[in-house]
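**Student:** Protein chains in written order, with my numbering: chain A, 67 to 426; chain B, 67 to 426; chain C, 42 to 373; chain D, 42 to 373.
The reader is advised that the hints may include incorrect statements.
Stated by the list, open to error - Straight-line Cα separation of at most 25 Å, SDA-like style, residue types lysine to any residue; simulated pairs:
| # | chain 1 | residue 1 | chain 2 | residue 2 |
| --- | --- | --- | --- | --- |
| 1 | D | LYS369 | A | LEU414 |
| 2 | C | LYS334 | D | PHE330 |
| 3 | A | LYS418 | D | THR359 |
| 4 | D | LYS372 | A | GLN412 |
| 5 | B | LYS212 | D | PHE75 |
| 6 | C | LYS369 | D | GLY303 |
| 7 | B | LYS263 | A | PRO280 |
| 8 | A | LYS410 | C | PRO213 |
| 9 | B | LYS212 | D | HIS156 |
| 10 | D | LYS334 | C | LYS275 |
| 11 | C | LYS51 | C | LYS334 |
| 12 | B | LYS410 | D | PHE330 |
| 13 | B | LYS410 | D | THR328 |
| 14 | A | LYS69 | A | LYS418 |
| 15 | D | LYS334 | A | ALA408 |
| 16 | D | LYS270 | A | GLN412 |
| 17 | A | LYS302 | B | GLN415 |
| 18 | C | LYS81 | B | GLN412 |
| 19 | C | LYS372 | B | LYS263 |
| 20 | C | LYS236 | A | LEU414 |
| 21 | C | LYS91 | B | ASP262 |
| 22 | B | LYS263 | C | ARG100 |
| 23 | B | LYS263 | C | LYS91 |
| 24 | C | LYS275 | B | GLN412 |
| 25 | A | LYS418 | D | MET266 |
| 26 | B | LYS212 | D | GLY122 |
| 27 | A | LYS98 | A | GLU371 |
| 28 | A | LYS263 | B | ARG304 |
| 29 | B | LYS417 | C | ASP355 |
| 30 | D | LYS334 | C | PRO213 |
Just so you know, the hints here were simulated from the structure itself, not pulled from any lab data.
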Amino acid sequence: MEKQFPIQTWLDGNGNITADDYENSLTEELAKRFYRHMVRIRTFDQKGISLQRQGRIGTYAPFEGQEACQVGSALALEENDWMFPSYRDHGATMTFGHTLLNILLFWNGRNEGCVPPKGKNIFPPGIPIATQLPHAVGAAFAEKKKGTKNAAIVYFGDGATSEGDFHEGLNMASVFDAPVVFFNQNNHYAISVPMDKQMKTKTIAQKALAYDIPGVRIDGNDVFAVYFETLKALEKARNGEGPTLIEAVTWRYGAHTTADDPAKYRNQEESEIRRTQTDPLTRLERFLKNKGWFNETEAVNWQEEASKEVDAAVEEMEQFPAADPADIFNYVFAEPTWILHAQKEQFLQVKKGDPSWNQQ
Amino acid sequence: MEKQFPIQTWLDGNGNITADDYENSLTEELAKRFYRHMVRIRTFDQKGISLQRQGRIGTYAPFEGQEACQVGSALALEENDWMFPSYRDHGATMTFGHTLLNILLFWNGRNEGCVPPKGKNIFPPGIPIATQLPHAVGAAFAEKKKGTKNAAIVYFGDGATSEGDFHEGLNMASVFDAPVVFFNQNNHYAISVPMDKQMKTKTIAQKALAYDIPGVRIDGNDVFAVYFETLKALEKARNGEGPTLIEAVTWRYGAHTTADDPAKYRNQEESEIRRTQTDPLTRLERFLKNKGWFNETEAVNWQEEASKEVDAAVEEMEQFPAADPADIFNYVFAEPTWILHAQKEQFLQVKKGDPSWNQQ
Amino acid sequence: MESTVANKQKLTIVQAVTDGMRTKLTEDERVLVFGEDVGKNGGVFRATDKLQEEFGEARVMDTPLSEAGFVGAAIGMAVNGLIPVVEIQFLGFIYPAYEQIMTHASRLRARTMGHYTVPLVIRAPYGAGVRAPEIHSDSTEAIFTHMPGLKVVCPSSPYDAKGLLIAAIEDPDPVLFLEPMKCYRSSREEVPTGKYVVPIGEANKLQDGEDVTVICWGAMVPVAMKAVKEMDKKGVSCDVIDLRTLYPIDKDAIAESVQKTGRTVIVHEAHGTGGVGNDVLAIINDTSFLYQKAPVERVTGFDAPVPFFGFEDDYLPTAERVMHAIEKVIKF
Amino acid sequence: MESTVANKQKLTIVQAVTDGMRTKLTEDERVLVFGEDVGKNGGVFRATDKLQEEFGEARVMDTPLSEAGFVGAAIGMAVNGLIPVVEIQFLGFIYPAYEQIMTHASRLRARTMGHYTVPLVIRAPYGAGVRAPEIHSDSTEAIFTHMPGLKVVCPSSPYDAKGLLIAAIEDPDPVLFLEPMKCYRSSREEVPTGKYVVPIGEANKLQDGEDVTVICWGAMVPVAMKAVKEMDKKGVSCDVIDLRTLYPIDKDAIAESVQKTGRTVIVHEAHGTGGVGNDVLAIINDTSFLYQKAPVERVTGFDAPVPFFGFEDDYLPTAERVMHAIEKVIKF
Ligand SMILES: Cc1ncc(C[n+]2csc(CCOP(=O)(O)OP(=O)(O)O)c2C)c(N)n1
Ligand SMILES: Cc1ncc(C[n+]2csc(CCOP(=O)(O)OP(=O)(O)O)c2C)c(N)n1
Ligand SMILES: [Mg+2]
Ligand SMILES: [Mg+2]
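Next up, chain A with everything else stripped away, as it sits in the complex (with noise of 0.2 Å):
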């Protein structure tokens, strides 16, 4: 089956181009554009881990390692397209639209959190494994019978090809012929677990024929193949051709979340050879300096442009306003219901120290 999918790449470590035919479509504009995203999403997550660190945010889930599939993924899509992220999309999500503010808050325990932009199509992250593909395959559904062009795309792990919702979803999009690309981060770890306790296949593309929809293999730290098969899959899904598999084969340097600790499964060596070998950013830059278009002064401002971004969003973020605790009750139905109200009131009193608050 490592036959059948192959891994698609479309430039090597080194950044050379491997698949000719395609060289015109990898312009500067958009080497760069890429590029400058994924500097902008890993210098958020490196800020994520150590406001964790330093308590300032809850758990955090770094995606280190994954931005070409975020990126390269993300801005495939259009303006109306639906984005179905996990807990470790972030980075796909801002770089589709969120804003940090509400990504910070987010891990901040904060509902904010799981609010996008007024006309953003993003859903809150996935905590649930799996649960969010049959969500995605109704949106996408959904479009359809309006009769949009719009697709959706939703965001998994190697791990969550295990759950049932993974089959119920690429089931029922497969049968409804829904808009909706399956994109699977296969970094191959579920937390502690590596994919060959998950699963006996080698490959997660080949799940795709228990479908019969496409079934893609790429290289998730070429940011090319993922932008292109990303755009590839999209395309046939407006076009009513249905959904599409993605895998795209990556790895994560660094905890599952802050609340883990590596080294306890895996020799972390690994990682660190990852990074000088793999890394997508590195491949990226080393293709723009082949073709000659690496600039280093615009690289910096890129990089100072993302530091100052994110810094202006985390004071924003540790500037917000207090929660409301009265939003516990507030948004549960559209109408709170009596037993709402009455606790709320009950709440609030004890809140305001008011010695009554019990006595109904």
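Since the structure of chain A is already known, use the hints to place chains B, C and D with the ligands on it.
**Tutor:** For chains B, C and D with the ligands alone, coordinates are given in the frame of chain A:
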């Protein structure tokens, strides 16, 4: 995919051998054993329908048309193997050694129906679709752990492949190399829902590719194909080579259950055509005749024996001691909790007509 | 949206359910009906009878046998402008979708501070008494009323069935709509054609009385009423409340009645432990403690799995058991 | 099976849980531990720390990310002679396995009249208060206590954790073992090495008092105790009951205490509606009606989804709320 997974047939519709290599395996003894069992279970099935019509049992799920699947696969098992049937597989369970009495009791709303003969590893019929697949994986895994050569077989329909438990079961079996055979009876309908609304794939066997396990597609109305392919899969399982998915392509002639009216959703003429052209019993009879092995008197005897056996079981069922309603409480836990104890006491008192029953 | 209550027809509960869906399918393009066998087959109980013929496959469609999948997809559709009405074939087969309902349908509004909402109706026939095979007879409403963000309704009559279903479809939040399958065809009632609404959250006083409050819902309503009629003859007059909505429960209706009678019998078919009856008890405790003249009696299913149908009549509360309970609260 | 209570060690709750598994893994070949990340990683809370090293991959193993699948497989194993102890990473992720637990684990003995049994333990950390992301903080014990055939236990101390876990593993029926993750490491206690059992179904009297009965379990025990200590200073003496087992509840312990005090406060972290507190209320109603001097007060989580951790301290019952409730039942 239909090319990659052709329907394997050993006998064509006219009872001629299509798999010449195996001709020597098709002995008279075996052919007659199959025939006799198929007559037996068809007799039972027809009785089941008529009992329901007469109000002597509850809703009944007939399997007529699927006899080759159930007899062929059940006879491939060894004494100590495990069987996990669905509600439509009592043809298989009775062939494997379940008692007709208990099967009838099941359809008559009696718990005894879930109890197999001592030492016979037969699970109660799986009612929530596909939930029995993980059970089979677990039981098979336990055999492996104990170091036996026993295997498990689990039955399920085409519709069941859409449930998450189908996927989770197959994936786990593949990872654990569990000695289990996933025996799918593809009768093309899940109640009223035809296969093309259930899945996009044209075969079920190909779903094995998602787990890197063998997928075998056979003519489910050809008892030889069923028997030998199941045997092969079981052999593999016993030898530590892991699970196999078998798709036995078949048809149910009648209703989904006696509560169903197939004319609502399909042209029952198709069933009639299939009955004359591809019936599993007729086909085997043709084979026996082609071989000169068919003996009219013998056949009539078998039919009569079957009818007698079934009638006797029906009588036994109808003579069976009335259910003891205390059983509602008796088997919830090894030791009833105080709540069950109290509820049972109250219940029995009211049953006995003691007006003080509810006075604690 | 005008209310065209011009004509009436005599309908059974299941027909009233169909009529409710028909009314909303006609009126609102966004409404979509799907589930297993709801298309050509019209549902295993014929609750969607002829709807596919009338509204086409794009509005009334069969899904794969995939409760988690199609409820999950329904959430995605609801978020994206549609109003899905999905059928779970029997309540006992809703469990594969439990995660989707628990972690998404019911929470999405709260999680997103109202940005995303899930106007979704999940219909499910529930309960024992129709001689169905195992697992087909569950009455597990309590595992849903304990799920914040979800409303749970359960009509006992054709009129309520249609009116509550329309209310559920129009509700901006997810509603679990439980249909007492034992009563699907057991009686007919005049039901207005066209649209009307029975509000969610309002109980229905079925009979006024002075001595004992009897609280019930769904398939237990006829059982309770039978007992009450018998007690009437014995000179015991009961206030009978059909809750109709199990979350949020109509607290005022309960308090008003219990404060009048001081004696309460709750009847439900689900297991006693953890049953919705205990929520009623809590309401009585909270609102009417000083009015209580006797402990509340609960007549419920037992703490045993719903048995095979050979025992289901023993498992289900009977009028006899209800009468005993009424006598007990009176004699206390 | 001798009881080797020779030595003691100071352990946290999570260490006591590990020690309970170790004890049974050592003693009984049939015991098997599995779940997500329980192997090399030793569990995300380290509850299975070093167990794979000690007992090998065949006894302590990682499974695919597949709760329905591995709970279903565990049922098959349990039926076939093994004793699986499975870990659900957080209670909020048990829902995909709900169908397997509801329709199989809990019913198999009843369905087969005792022919097949399911000696299975499902361990799950539960509850809020550790600043975890969404869905990680659920406390939904009530959707399991309403499931006949399943026992539900919830220790609040290291001693109870080990003793109850051993009891659960030795129980011939399926047990859901809830671990208060907020208390995993919050205190240490002397725990005997080797085997001992805390019986399922028996509550623990934490403090004797005369005025008010306080009933709690799991992570609410320290909260309730804090309130009770404060009230002590004000001259109010409380009888404090740690239920420890949520099904079957220790009725006698409750009745005895309530009949003494006549005033009850129940504290739990789950949503009020449908919470296990209502089962306690029902027991009081059934056993101690005439002894009650005030309505029972329930201090619970709200009827809202467990919020983001930014609000979790507001969501969780506090000692202050418990004190108010105690005052309220006294002043009634
Ligand atoms: C239903 C469910 N079970 C368990 C978990 C706990 N959990 C969170 S992330 C994770 C591993 C996911 O691995 P994968 O799908 O490969 O994604 P990755 O984290 O590698 O991006 C697990 C087990 C969960 N969130 N949901
Ligand atoms: C979880 C669940 N959902 C729905 C049902 C209702 N139901 C019973 S049989 C059936 C169709 C099954 O079709 P298939 O798997 O093809 O098996 P067949 O009946 O054709 O043998 C359905 C939907 C059920 N039993 N369990
Ligand atoms: Mg991963
Ligand atoms: Mg079928």
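**Student:** What are the numbers of the hints that this structure violates, sorted from low to high?
**Tutor:** Those not satisfied are hints 10, 11, 14, 17, 18, 19, 20 and 30.
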